[in-house]
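Trainee: Below are the chains, spelled out letter by letter.
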Amino acid sequence: MSHEHVSNTKRIWTVFGYLSVITIVEVFFGILKPEFLHMNSLLGLTLLNWIFIILTLVKAYFIVYAFMHMEGEKATLRNAVILPLIFLVIYLIFILLTEGNYVYEVFKNSTIKWNF
Amino acid sequence: MKTVTTANSAEKTWGGGDNQPMGASYGKLMMWFFIVSDALTFSGFLAAYGFSRFKFIETWPLADEVFTHVPFMHGVSAPMYYVAFMTFILIFSSVTMVLAVDAGHQLKKDKVAIYLFLTIIGGLIFVGSQAWEWKNFIKGEYGAVETKGGSLLQFVDKEGKRVALAEFAATLPSEREQLTRNKGDWFVEEAALPTYTVAEVQAGFKSHPDLLVRTETINAEKQKTILSREESELRLTQASLVVEGANLTRNEYGSKLFADFFFFITGFHGFHVFSGVVINCIIFFNVILGTYEKRRSYEMVEKVGLYWHFVDLVWVFVFTVFYLV
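Just so you know, the protein sequences line up as chains A and B, in that order. Counting in this note's numbering, the first sequence runs from 1 upward without gaps. Counting in this note's numbering, the second sequence runs from 1001 upward without gaps.
Simulated from the structure, these hints should not be mistaken for lab results. No false leads were mixed into what you were given.
Computed cross-link-like contacts, SDA-like style, restricted to lysine to any residue with a CA-CA straight-line distance of at most 25 Å:
#1 B:K1161 - B:E1216
#2 A:K108 - B:V1325
#3 B:K1206 - B:S1174
#4 A:K108 - B:F1051
#5 B:K1109 - B:E1293
#6 B:K1028 - A:L77
#7 B:K1256 - B:T1237
#8 B:K1222 - A:I51
#9 B:K1256 - A:L92
#10 B:K1294 - A:N8
#11 B:K1148 - A:T111
#12 B:K1256 - A:I93
Please build the complete structure, drawing on both the sequences and the hints.
Mentor: Dropping the structure here:
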């Protein structure tokens, strides 16, 4: 291959440490559900869920960049894989959740009822 | 350009030549293509789950009430622990996989084989755990009653603790018989009958004055609403079906779509893990046979490694969406 590889064992175990700690923190919050985080929300999402989503994205970053070795790839490959995904997924989630919420409000506020 | 071909590149029939756009070999680039499209597929599923959840945001089941089982601890309600264990297994198998890739770069055949073997074991433990999780989900624990309008009623005692149908349902003489194939007129049969009839549940509820009905609606404290005794009795008169466990039509946990999405998304992910284990096995035997040693390149391990990490990546999101958020 084109470039000489050096052993990355140390980096791998460090990343494993990060991933484990993040998972433990997630489970900890998931079981305890601290009142303050669970009941207060920011931009329509509870603080607890914000924490979960951010920690998940951090985990995803480590898996892709360290384990899938994205950090060693060329910038063109990195951008070609990651940018379309980020754009399309955000777009998809935005549009589907908005629509889901709209349907919810139609059921809630009009005479149509699904549950009686 | 030099016209000399080395023995190495001539052997690579599927190598795609020496032209490497984006600095990645043909095989790795194609794996990235696949991963991007598969990631979008999973995003579609998870976003659809989000859509349905937002649609029924007030009545969606609470995950920590559904997934509460831990092996060898029957009757102990322990949410999250088991699924956290599964997550660790998968992360750890990702680590052994990346160690195998790392050993491959240094052409250490034995190390690659050992790490790949550990990865396969991790994958098998994960798929097995998933099967066990499904078993509990399908079997159910408490049972519930569905009303004519399609909403679900669960039963709790005065402290709000869930009560199983078996603990209070009365036994009434019943003529109702399971229609099996040998009794049918024309090869007809029906699904297994629930353990109790609606009348038995209603009678049992009447004779246990401390029982209450819990509806699907989530209240301001983010708990399911518990009705008063009078309201409970009124709601129970509308009961039409006894629901035990889960299938694709209805489930005892709440919203019907919840079980559908659970089966579909975790099933599709589990299928990915299973395929990953099979592919890892093939590569493992190739390593042992020395195929990559002869090639002086362990790039195949790297490619299946990408796939395996992707499966781990998907699980990270499934874990968050189904169990945490």
